[in-house]
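Engineer: Sequence lines, in order, name chains A and B. Mapping to my numbering: the first sequence position 47 is 47, numbers consecutive. Mapping to my numbering: the second sequence position 84 is 84, numbers consecutive.
Note that these hints are calculated values from the structure, not bench results. From a predicted model like this one, the values you see are computed outputs, not experimental measurements.
The list makes no distinction among identical chains, and a pair is therefore deemed to hold if it is satisfied within one copy or across any two copies.
Below, computed lysine-lysine pairings styled on BS3-like, alpha-carbon distance capped at 30 Å:
hint, residue 1, residue 2
1, 23, 51
2, 51, 96
3, 96, 23
Protein chains: 2
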Amino acid sequence: MAFEGPVQDLIEEFGRLPGIGPKSAQRLAFHMLTIDTEDARRLANAIVQVKERVRFCVRCFNVAEQQECRICRDPRRDPTVLCVVEEPRDVMAIEKTAEFRGRYHVLGGAISPIDGVGPDQLRIKELVARVGAEDVAELVLATNPNIEGEATASYLARLLKSMGLRVSRIASGLPVGGDLEYADEVTLGRAFAGRRDL
Amino acid sequence: MAFEGPVQDLIEEFGRLPGIGPKSAQRLAFHMLTIDTEDARRLANAIVQVKERVRFCVRCFNVAEQQECRICRDPRRDPTVLCVVEEPRDVMAIEKTAEFRGRYHVLGGAISPIDGVGPDQLRIKELVARVGAEDVAELVLATNPNIEGEATASYLARLLKSMGLRVSRIASGLPVGGDLEYADEVTLGRAFAGRRDL
Numbered sequence: 001m002a003f004e005g006p007v008q009d010l011i012e013e014f015g016r017l018p019g020i021g022p023k024s025a026q027r028l029a030f031h032m033l034t035i036d037t038e039d040a041r042r043l044a045n046a047i048v049q050v051k052e053r054v055r056f057c058v059r060c061f062n063v064a065e066q067q068e069c070r071i072c073r074d075p076r077r078d079p080t081v082l083c084v085v086e087e088p089r090d091v092m093a094i095e096k097t098a099e100f101r102g103r104y105h106v107l108g109g110a111i112s113p114i115d116g117v118g119p120d121q122l123r124i125k126e127l128v129a130r131v132g133a134e135d136v137a138e139l140v141l142a143t144n145p146n147i148e149g150e151a152t153a154s155y156l157a158r159l160l161k162s163m164g165l166r167v168s169r170i171a172s173g174l175p176v177g178g179d180l181e182y183a184d185e186v187t188l189g190r191a192f193a194g195r196r197d198l
Numbered sequence: 001m002a003f004e005g006p007v008q009d010l011i012e013e014f015g016r017l018p019g020i021g022p023k024s025a026q027r028l029a030f031h032m033l034t035i036d037t038e039d040a041r042r043l044a045n046a047i048v049q050v051k052e053r054v055r056f057c058v059r060c061f062n063v064a065e066q067q068e069c070r071i072c073r074d075p076r077r078d079p080t081v082l083c084v085v086e087e088p089r090d091v092m093a094i095e096k097t098a099e100f101r102g103r104y105h106v107l108g109g110a111i112s113p114i115d116g117v118g119p120d121q122l123r124i125k126e127l128v129a130r131v132g133a134e135d136v137a138e139l140v141l142a143t144n145p146n147i148e149g150e151a152t153a154s155y156l157a158r159l160l161k162s163m164g165l166r167v168s169r170i171a172s173g174l175p176v177g178g179d180l181e182y183a184d185e186v187t188l189g190r191a192f193a194g195r196r197d198l
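Please put together the full structure from these sequences, using the hints given.
Structural biologist: Pasting the structure below:
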């Protein structure tokens, strides 16, 4: 026997979300039963609102409420430096550091032949068009430091260096607060290779 | 800088759910951005529906779409045996075993003085009223085998045995497929204490 109709429906909907297994979906559904109707409606409404009001920036493909995102509309940002990332959440992670004052370009993923994602599935031709049309002097490649992200960074470096840009890659190395002893050998190797004179 | 308004709102709403930390909430919110509006609306609607259509059975306090839940309305269920559980999800777990053909009584929790939950916060007086009004001959106490569940079971056993009922407790012991070597000592002790003649 399954649960009563609406409960079962909700369990199935929660279960479709990434990282939510059947047990978590069940727990969440029963949680919704116990909370105030007001709170449940607020969640439902937030889901609807995000679909209705959020789109992607026509320039950099970050999330935006208007044609362009907040960062592209901000005149204080340096338009000559672009930081290339995989996803909008990466933009937010970098913004939190307050280290970067240029603009972004969101690729929408990374090159991954195993998942059928090649350069054509990413917003690479849009990036090339921006570099041509805007006054871009430097690119910082901030794709993830994993196989797909590295492959994407190499591909972009080859493609864009030929256009006369300064192209850099964010550093790999030991995380701050980390322990040398517990670092994996690839990370530690990178930390050595990327050592800087003091 | 926070995320664009609606994205931030959704992250906060997801973050209020049990077991969803800030990172998961962010991942879920960005997932909603990438899926079809149709799918997002289905989730939002399932949340609203569960609040609008699901209530608690007036008899056993299981989840129900009508006055009484499916199990209480089912004439094939034996009304003389009641299984007492903490939550509606426990009803569903027991139903999946197909071992029990009686009805249920959902307490809505377990006795836990540390959380301020005493017998009066649970549906114990409703249980006593049912035992008086319905033709109940046997009670199976299926609260969780942890401190709160055991305390609740002991309390109920003392209270209800005096009413001339057969009161039993579900067995504690080694899980099927488990390894004796890895069992904790309390569970293994219970398995010995509850041994059955063959």
